[in-house]
Every structure is written in structure tokens, then in C-alpha cells.
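Q: Dock the two chains into a complex; use the hints.
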Amino acid sequence: MENLFAALFEILSFGSIVVLVVLGLGIIASMMGIFNFAQGEFVLLGAYITYLAHTAGLPVWTGMVAAPFLVGAFGLVLERLIVRRFYAAPIVAMLGTYALGLIIREIVRGLIGGLYISVPEPIGGSITVGDVHLSTWRLVIIVVTALVMIGSYLLLSRTSFGLRVRASLENPALARASGISTNAIYGATFAFGAALAGLAGALIVPVFSLFADLGLRFLIQGFIAVMVGGVGSFAGPVAGAGIIGTLSAALPWVIQPVIADVLVFVLAIIFIKFRPQGLVSGKGI
Amino acid sequence: MTDVSSTLSEASPPRAKRRRAVLPIIEIAMLAVFLLLPLVLQDYLTVFMTRVLILCLFALSFDLVWGYAGIMSFGQAVFFGGAGYGVALLGRDLGISSMLLVVPAGVLIGFALALLIGGFLLLGRNPSSVIFVSLGTLTASYAFDRLARGWYYLGGQNGIPSIPQMTIGSYDLGEGPVFYYLALVILVAVYAVCRYLVRSQFGLALAGLRENEQRIAFFGYKVQHLKAIIFSLGGAIAGLAGSLYAFHEGFVWPNMLGVVMSTQVVLYVLFGGSGTLIGAVIGTVVIEIVSFWLSNSYQDIWPIILGALMLLVILFRPAGLISLIVSHSERIGSFGRPPKGSDHGSA
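Chains as they are written, first to last, in my numbering: chain A, 1 to 285; chain B, 286 to 632.
Isolated chain B, as found in the complex (with noise of 0.2 Å):
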């Protein structure tokens, strides 16, 4: 992999001749083709893209920690099930419903619970390993889905079914067409964030994280602060992807917050390619496009068909989907640059 010193000499000179960039032509494309299903799809097909929508909003989150920080964390569903449980109990007990305040207090619950985890994981006198933080995730994965699943509060097994619907003043927001351009509006806005996020100079010094921890170390960054604070944002990204799903459901169940979730999301955002925004997207929308059209015919089959497909991706194409049409250097990319009067970016 090209190391962070090179891809920032490379990032200041602009090139004389530079190859066509591929990215902002797949994200157009993909941008209209979302603009357009629901003009063409049946109505059921529409739900379900919608639910696609938020699962992509959700698998960002996770290439964010994973794809530019290089955390690895296996308990990704704990911030969008338990945003899912937060919302849902605001919903049945307190009977709140309207938008403003359930997907703030959705993004609210995944930051805090994010910081909380990723402060006792990551934080610290020495440096917390790898395998360390991901099986710590993991097992904060199944620590809540046990709870939720034996704890009567939160329906136990069953979950919290009939959850009210959404409401934007006095408009009910159910499924359909208008559920399906909410989501989307807030998946081009989170996407959009994000994409300035990763490349401005904070964003490089995520890069660098994943490429080399110790360097950045010695460039007198604060490693351990740079990766609670992009562990809380993903956290809180993933919060709002998990209020809109449970209201988008209408009920939340363990599984949103267990380990089979978690791993669905590595599988996205590794099959579509970590380190690229739009290789999450693409990945969760292959992915659930293909289990949707598979499921009513091969349902026994198709986990087996999911395992050995990423057991392929990992071997022979650890970059995912997206390095067939998208060059490494543009998966790199550049980064912003520095801002006037200081030698190292922002910290």
C-alpha cells in the first residue's frame, strides 16, 4: 500500500495530465438511479430499496471505522440496534414519534453508546491491539443481544413490535415513496459529510492510522484520540441508520444488535470494497439485491453462497468489488490541504 508521505507529496502538485476519475461518475450514476426507482418499482419493491437505503446509510458507518481508520469493529450493530431499541421504546412509552426528535435521539444513543465502548476499548495508557478491540466489539455485540434477548422491558425474545410511525408534524410517514426520498435525502447528505470528512486533513490522518499507527504516533498525533473520535462519529452515523430502520420496520428485535448483524456489515462494506464511501454502498445494495432475489427460491443455499463468495473476495480481491472499474491511486485519493500557517493539518 502506498504510504501516507507519498500520497501527500502526490496530493499538492496538481498533475499535469490525470486520468479520467472514475469515482464521481459511479457516485452520479448510482445518485440517479436511486432518484429514479421509485418511479419505475412496484410499490413493495420500493420498502424494500428503502430499507436497502438505510442498511447503506448503516454500512457506511462501518467503512468509516473499518475502510479509513482501520478499527476493526465486529459490534457495529450494538450503536444501530441499540439506537433501534432507544427510539422504539421513546415511540411505545413516551409515545414520541415525530422525526425531529426520534433521529436525533437515534444519533444520540449510537454516539454515546459508541464513545462509551470505544472509550473503555480504545482509550488508555497503552495502546489497546487489534484483535483486542475487534473481539472486544464483538463480544459487547453479543453482551447486548443476550440482554435484550432475556430482558422482559425490552419484549425479550419477541423485541418491541408495532412501533408508531414517523411523523413530520402531522404527516405520517409511512412506507412508500416518501419514506424512500427521506432516506435518501439523509444517505446523500451523511454520504456527502463523510466524503468531505475523509478528505480533508483529518481524513488523512485517518489513512495514515490504517497504514501505519506508529508513524502517526511520531508525527505527534494523538492516535488514540483520532480513533474514539471517528469510532463515536461512525457510532452516531450508525444510531441514525438504526432509527430509521426500526420506524421503517416497525419493530426491533435482537438481531438488530447482535453479532449476526455486525457481521452482515463487514460483509458489505468488504464485498463492496472497504476504504471507498461508494464501495459500501455498492456493497450493501448488491448484497441485499441479490439475497432478496435468491431468498424465495435458494433460501437454504444462499448463506453458503454469501460465505464462499466472501471467502473469494478476501482472497483474491481484498479490495473489493469496486477496484474492478476504480484505480488504487483514486482509492486513495488526495486530501485537502493544509490549512494557512500550520505545518501538520488539523488534529
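Next up, chain A with everything else stripped away, as it sits in the complex (with noise of 0.2 Å):
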């Protein structure tokens, strides 16, 4: 019984980890219908930020506070220079993102040289709770994961910028007609997609290390996650993330880690084959 509640709160935890990561690619997936190579290295500069922030003797957290703004400004940066030119061709951009990627990655493993550095949790320690221990942190994780959902919904739902992002999604020619800059809701979606990104790989730091190699172990996954859920809503994307997150961190309870870990992906290409819409489909919320 035990055991069963220590892996229920492993795979919910992993699959928040998931979603957090998906989330972002999934928001640019479905608004400019580009798939960012990149966002695994969003994942890695903010996990490198909250690294830098620790060895300059800073508390941690002030670093997983300010991943998410560097990051998303970083974001803007390249959606302004670079990203906005591939949104007509969805495999130049797949080609261009992942140029982009490998010379973030190449740089971040260049400073720190190609180790394995870990980082701090901080909040560390563990609750108890009957006869199991739960990590503090990643309950921390679980519920930062659950808040960021629900304000990204409520700034798609509820704000006048969510009705305008919605609006350039359903609609982008319309949208312009009736004097939103689809062009600056672009570029605020890519900085918005990719500050998740940066909070994700800060909050994950603690859990997995810094390594330039983090963000891609989550980037195939990703994408797989977004197809399987839907491109084009916000709760497709979260609902394939919970699926695959759930499948990846449950499987391997069951069977050979290896097997599992290419089961899902084979299982989710084939529920795509056969559902190419993904869970959900439409555009909207």
C-alpha cells in the first residue's frame, strides 16, 4: 500500500514535470503552427540561470524566479531576429530552432564543461505522511505545476490579451482585419511559451542536474506529448502531456525502463497515425 502511494506521487510528479515543459511548446505549436527545437534549450538556460544564481551566492530560488523572465525576454530576442521568418515553412522552422538549439546547448556545455553539476533544492527535506516520505520539492513542482495551469488558463480565458491570443489563433486574418497585430501576439506567445520553458528547467535542476544534454531527453517527448493531445488548443496539449508523462513515469514500475520508454513513443505514434487530430481537437481553449 505503501509502495503504491510512493509510485502514485512519483508518476504524478513526473507528469507534472511534463506538462510544465510541454505546456510552452504546445502554446507556440498551436498558435504559429511551428514546432520549437529550441524549447529543450530554454528547459537548459533555466536550469543554467538557477545554477549561475548559486554559485554567485545567491539563494536558489532567486534564480528560479528570474529564469522565467530572462529566459522569456531571451525568447522575445530570437522570435523578433530569427524565429518570425520561419512561420510560413513548418520544417524550416523545425530545421532553423534546431540550429538554434544546438548552438544554445553547444555554448551553455562549453561553460560548464560537459559535466553533471548539481544544484540544491531550495526547499529541501521531506513529508511525511503515514509511513511514506514525500519529497518537499517535488510536492513544490506538483503544486507550481498545477498554479501555472490554472493562470495560463485564466490569461486565455478571462483577460482582454487571452481574447486577442485566441482570436489571432481561430482566425489570424480576421484577427488582423479587426486591428490586432498578429505580429506582436506572435512574438508574446513565443516569449510566453518559452518563459515556461525557463521556469520548467529551473524547477527541475534539483531533480535531474544540470547537464547540457537535459533539454533534449524532454524535447521528443514533447512533441509526441502535443501531437498526441492536439495541436491548437490549451487543453490538448496538457492532456497529451498528462498521458505520456503518467505512461513514462508508469510504465517502468512494470516493465524493463528501456522497453517502456520506447513503448510510449511507439504506442503514441500509432494513436496519432490513426487520430491525427490528437485528444482534443479544435482550436480554442
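Calculated from the structure, these hints are not laboratory results. Here a beta-carbon is modelled for each residue, glycine too, at the ideal position from N, C-alpha and C. A couple of the hints might just be wrong.
[Claimed, not checked] Stretch by stretch, here's where chain B covers chain A in the computed footprint (C-beta under 8 Å, at least three residues): (1) 39 to 51; (2) 92 to 100; (3) 221 to 229; (4) 270 to 281.
A: As C-alpha cells, this is what we get:
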């Protein structure tokens, strides 16, 4: 019983990590129709900023707070300079963002010297429920993910900015005709997606430690999750991420980890083949 | 881009005054250089150039699939590495190392894998989106990499070391000039076949796929079948390259199957110029030589330079290096005449 509970907690915390990473990817894919191969490197940058704050002698949480803003700003610059040229062509966008990701990843690799660097948790220790010890930090990740999801949902559904975002998503031409600058909305969305990835990176670095291929690990998982969930909505990628994250964390308890890892992807690809629109079809929230 | 119908009309009447064709000159020049290289290079450089030639073969396979048919395969390394592992197992477990057996085996493995993966991703009632195909192949590459790393029989992380040398009859084919010329002969032969193929009516249909898939479908072509055919053919060539590579290096390891190798080949072709066969060769040669040259002193920053180069090419020279010297119309080229008594060429 305790084991089951511990396993469920483990699965939940990993699922929420995947959701956090995928949310930004999904938002960018839905809005601009491009799959951002540099998303994993935004995760890496978030982790790296946290590490920088830690080595500068600041408390770790300051880095975590700063990471989404800095990575978001960086994302905005990249979008304005480079990524916006790719919106018309999804394949070129993949290649271009892959190149961007490669540059960022290798620079960070050069800076940290190919090592695995551990960063301490800002809130350590564990909470004991009955006989089970739960890591406090993983609990924090789950809570933050929930908050971010609620926040994003409210932003999209309740604010005038969200209304404009949805308008540009559903019918860009009409949105432009109504005086909405889709151009600016795209920039803001990309920055927002990057900021989410930065936050994800900052939060997971104490769990996974910092290394140059940190982001790569989540990239394919993220793409698959977005496709399973369905491009074009808010709920789709979140649902997809929930399923992929849960499966990826749950299956290794049952079968060999390597087989489990591959099995999740194969199942997902088969699912997408027969339901190309994903779990949640249609645009909007 | 020029659409297919105008290319077709351009092709039939020979114009009175043609611009000097540059492509054949480049091809002959490259061939001449390749032929003479082992005479002037030191042995270890000949070995290096053999590897480059084999990678050129691999790049051709990707160019055929992406540059001509417009199918984005982010998993081309699956066929390359899959064939490599296959022939390595033949060599290790069955002691088969005769070139007449292992090279066809490699081709067959590449073809079969591509037919399997391509058949699943490309065929079916609903046409697959470009994104689905590219992510599907990427996932396949990742999955095969993971399996190879985790499977003890395949040597796990270390791969399969010390494959026996390839033999022709009783002759042992080790690294060196002989292997170099063998690779060159195979490369030239495959190049010639590809060149014939893409300049035939089949090639015209492929170019149509790339430019406007829907229109080709409206012409009555079975678009998905065409795609599956060229994808499998690309797989077969990648398999050929993979089997040669495995025997040349003497070992295979999981990176040969993985995402890194798959994106590497994209880079070669993109850099040299997709949609021209010689572009793929030039891209491979340039990138490999620069990488070899820089790897001694600037190993750390080379990937960064590579990424920056790739970005610059995508932004400013989407047609690759080759577009600096070869005109657009020549890159599109002309296609063989339709066979007599049929209206729409071969399908």
C-alpha cells in the first residue's frame, strides 16, 4: 500500500514536470504552427540561470524566480530576430530552431564543461504521510505546475490579452482586420512559451542536476505529447502531456525501463496515425 | 519556385541558345579530384576520405527523399545504423564477411526498415502531414538508439567492436586505397542511378510531389505510393552506406542509429544544397573536411560554428552552397521525355 502511494506520487510529480515542459511547446505549436526544436534548450537555459545564481552566492530560489523572465526575454529577442521568418514553413522552422538549439546547447556545454552539476533544492527535506516520505521539492513542483496551469488558463480565458490570443489563433486574417497585431501577439506568445520552459528548467534542475543534454531528454517527449493531445488548443497539449508523462513514469514500474520508454513512443505514434487531430480537436481553450 | 507544368513545357523543345551547363562540369571536376586524391594524400587521410565518401552515399539517400520528393526524414540514420548493426552481427555471430553477401544484406536491411517505417508513416487512408512524418521518423531514430543502448546482445552503450574485415574472395579489404576506390566506384554507380532516376519521368513526378503534392494527386498519381517507393529506395541506399561504414570503421555503436546522425545528414544536404545530387556530395565533403581540420584545435566550438552556419544557410541561402554557382533553372533541370503512347509518364 505504501509502495503504491509512493509510486503514485512519483508518477504524479514526473507527469507534472512533463506538463510544465510541454505547455510552452504546445502553446507555440498551436499559435504559430511550428514545432520549436529549441524548446529543450530554453529548459536548459532556465536550469543554467538557476545554477548561475547558486554559484554567485545568491539563494537558489532567486535564480528560479529570475529564470522565466530572463528566458522569456531571450525568447522574445530570438523571435523578433530569427524565428518570425519561419512561420510560413513548418519544416524550415524545425531545421532553423534545431540550429538555434544546437548553438545554445553547445555554448552551455562549453560553459559548464560537459559535467553533471548538482544544484541544491531551495526547500529540502521530506513530508511524512503515514509511513511514506514524500520529497518536499517534488511536492512544490506539483503545486507550481498546477498554479501555472490555472494561471495560463485564466490568462487565456479571462483577460483581453487572452481574447486577442484566441482570436489570432482561430482566424489570423480576421484578427488582423479587426485591428489586432498578430505579429505582436506571436512575439508575446513565443516569449511566454520560452518563459514556461525556463521556469520548468529552473524547477527541475535540483531533481535532474544540470548537464548540457538536459533539454534534449524532454524534447521528443514534448513533441509526441503535443501531437497526442492535439495542436490548436490549450487543453490538448496539457492532456497529451499528462498521458505521456504518466505513462513514461508508470510503465517502468511494470516492465523494463528501456522497453517502456520505446513502447510509450510507439503507442503514441500509432495513436496519432489513426487520430491525426489528437485527443482534443478544434481550436480555442 | 517553378511549378511542374512550366518545367515540363520548358523541357520538351530544346532552346536555340542554351546557357552553359555548370552541373556536369562540377560533377566531372569532383570525380577527377576524387580519383586523384589517394595518389597525393597520406595514408591516414585516405582512410579519412574513404569515410567521407561513404557519408556522401548516406547524404545522397537523404537528398533523394527530402531534396527530390519533399519527405522530411529525420530518421535516416535508422536505415544507416540498422544496416550497420545488421552486417556487424553477420560478421560477429556468423562469420560472414564476404562483400558479395554483406553489402546486399545491408541494402536489404535498409530497404526493409524503410519500407516498414515509411509504409506505416506514409501509407493509409488519410494522407500524413509533413509534421507527422518528420516527428515520426525522429521518434523512430530515438527509439532505435534507445533499444541499441539498452540491449546487451547489441553491445549496449559500447556497440559491437572488432567486426572482421570485409573480404572479396580471399582478399582482405582493410582501410586504405583499395577500400577508397571501392567506395568511390559504389558512390559513382549509385550517383549515376540516382541521376538517371531524378531526370526520368519518375523524377518529374517526385519534383511535383515536392512542389505541390495536391496537384500531383489530382493528376491521378498515387501520391502515397510514390512517396513510399522513394522512401524505401532512400532507405536501401542508406543501408548500403551503413554496411560499408560498419566494415570500414570496424565497429558500430548506438550513435550511428540515433538522432545525432540523423540530423548530421540533414545538415550535409542542407548545406550543400538539397534538390541537387552533387549538392549533397559537396555539403558532406565540405562539412567533414572543415570538421576534421578544426577538430584538433577547436573541438569545443566546432558544434557552435556548425549550428551558426546551418542557421545562416537556412536564413540566407536556403538552396545551399551549390546555389552560388548553379542557376535556379539548372537546379530544377529537365526531365526525360514521356514514353510513347502514354499521356502521363510512368507512375
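Q: Each hint: holds or not?
A: These are the hints, each one checked on the structure:
Under a criterion of three residues with beta carbons nearer than 8 Å to beta carbons of chain B, the stated coverage of the segment 39 to 51 of chain A fails, only 0 such residues being counted. For the segment 92 to 100 of chain A, the stated coverage by chain B holds: 7 residues have a C-beta nearer than 8 Å to a C-beta of that chain, and at least 3 were required. Figure legend: the segment 221 to 229 of chain A, annotated as covered by chain B; annotation consistent (3 residues with Cβ-Cβ distances under 8 Å, at least 3 required). For the segment 270 to 281 of chain A, the assignment as covered by chain B holds, since 3 residues bring a beta-carbon within under 8 Å of that chain's beta-carbons and 3 suffice.
Going down the numbered hints, you'll see the structure goes against just number 1.
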